[in-house]
Every structure is written in structure tokens, then in C-alpha cells.
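Colleague: Below are the chains, spelled out letter by letter.
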Amino acid sequence: GDSVTQMEGPVTLSEEAFLTINCTYTATGYPSLFWYVQYPGEGLQLLLKATKADDKGSNKGFEATYRKETTSFHLEKGSVQVSDSAVYFCALSADSNYQLIWGAGTKLIIKP
Amino acid sequence: DAGITQSPRHKVTETGTPVTLRCHQTENHRYMYWYRQDPGHGLRLIHYSYGVKDTDKGEVSDGYSVSRSKTEDFLLTLESATSSQTSVYFCAIRGGAYEQYFGPGTRLTVT
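Chains A and B are the protein sequences, given in the same order. Residue numbers for the first sequence, in my numbering: 1 to 112. Residue numbers for the second sequence, in my numbering: 1 to 111.
Treat the hints as calculated values from the structure; they're not laboratory data. Just so we're clear, the structure is a prediction, and the values are computed from it rather than from any experiment. Glycine is no exception: its CB is placed at the ideal position from the N, C-alpha and C atoms. Mixed in with the good hints, there may be bad ones.
[Claimed, not checked] Which residues of chain A face chain B? A partial, calculated answer using Cβ under 7 Å:
1. 30
2. 32
3. 34
4. 39
5. 43
6. 44
7. 49
8. 51
9. 93
10. 104
11. 110
[What the hints assert, rightly or not] Facing chain A, according to a computed beta carbon distance under 7 Å, are these residues of chain B, among others:
12. 43
13. 98
14. 104
Chain A on its own, in the form it takes in the complex (with noise of 0.2 Å):
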């Protein structure tokens, strides 16, 4: 079935440093694609999206590209502040019962 693998963390960076946190997917058909963000204490937020092949989703000055060949859709950010200290989710959406498939998360902690 269809499933979603991102890197375990926790990840932690000082900040101004570059970020890559992976996701990989198995899907059948042609899913799309998200990466949620979840701060303590919070509920999750669509941080952005990519609903075909070589679309790039982009906010908040992370990006994610949706890469069929390679199956993936890692999250990327130039430059981590401590306010970017959340746990962050890939997943995908199954036409099947209009579910999202969900990684486990990874943990991001930012240091001054």
C-alpha cells in the first residue's frame, strides 16, 4: 500500500544553518503532496504543497519539489531561525478514501 518515510529526528541546527529534513513515498497513481508543521502545543498547519510531478511548493522560505523519478519531496530552507522549532509531517494524499498518508514526523530544534 501506500506509504511515506522521512529521516528520523531529532534534527538540530544552529541557527542560520541549511536545512534538509527527506521524505520518501510509495504510491500508486499519482498523489499529492504535502509537508505539515506542528510547534508545541499546536495543532498541525499546512506548511505547503504539490499536486503533480516537478511542482514546487514553497512558504515561509521552505521549499519541496515533487520528484517522481526519485520519489521524493524533501522539505529545504536556506536559512533556520529558532522560531522554525516544531516537529514537521510529509504525506500524501490516497485517491482511495480521500485519506492522507502521514510520515512519523521529525523533531527540528534550532539553537541560537
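Following the hints, complete the assembly by docking chain B onto the known chain A.
Modeller: Positioned in the frame of chain A, the structure of chain B alone reads:
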């Protein structure tokens, strides 16, 4: 802001008591979802709805029931709460590109 509210936001209850959580949306979305989030388990789907009175089970539906008598409200009921149902519960609605938008969550503690 997808206009989703959840109530209550926090609840403490005793084992064996019934509990109902409410999710309310203001934008007439057809699809609604209930998840639970636990450390080490990520997000797990409990039930979802694809219209008024149309619901289906998710991966962890045992011990939970749902109802949707109006488009805007999706209720999650724990018929007899157990300590294993202590969790944070999130409601979500589906957007136009299959993305989901989440409510603020309900923290439930069963003692």
C-alpha cells in the same frame, strides 16, 4: 484559517464514563476526519465522514463511534473511556487539493 473549532479543548474524565468531543466547521466542507496523536505513534485516523450520515472507520476505530447529523458538526464519542484513550484528538477537514486543515485539538485525560 479554515474555520474549525473543537470543544472541549481539555477534558479529564474517569475510566468507564462516556465522552463526546465536538468538531465544528463553518465552511461547508464535505469531508471531515478525527485523528488521535500519541508520542511514538504519530497521527492515526480514527473515523472520517464524507457527508451527512456517511462515515467510515479508520485504522484505530475500536472503542470510538462518530455521528454527523449536520454538515458543520462531526462528533466523536468514547462510549466507555479507558486509560488507553488518553490522547490529543484532532479534527480536520479536506480542502480542494486533498489537503487537510486541522482544528486546535482536544487534550483528553482518562484517569
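Colleague: Determine for every hint whether it applies to the structure shown.
Modeller: Verification of the hints:
1. 30: 11 Å, violated
2. 32: For residue 32(A), the interface hint holds, since the closest Cβ of chain B sits about 5 Å away, which is under 7 Å.
3. 34: Holds, about 6 Å.
4. 39: 12 Å, violated
5. 43: 4 Å, holds
6. 44: 5 Å, holds
7. 49: With Cβ-Cβ at 6 Å, under 7 Å, it holds.
8. 51: 5 Å, holds
9. 93: 4 Å, holds
10. 104: 5 Å, holds
11. 110: 21 Å, violated
12. 43: Hint holds; residue 43(B) Cβ to chain A Cβ min 5 Å, cut 7 Å.
13. 98: 4 Å, holds
14. 104: 5 Å, holds
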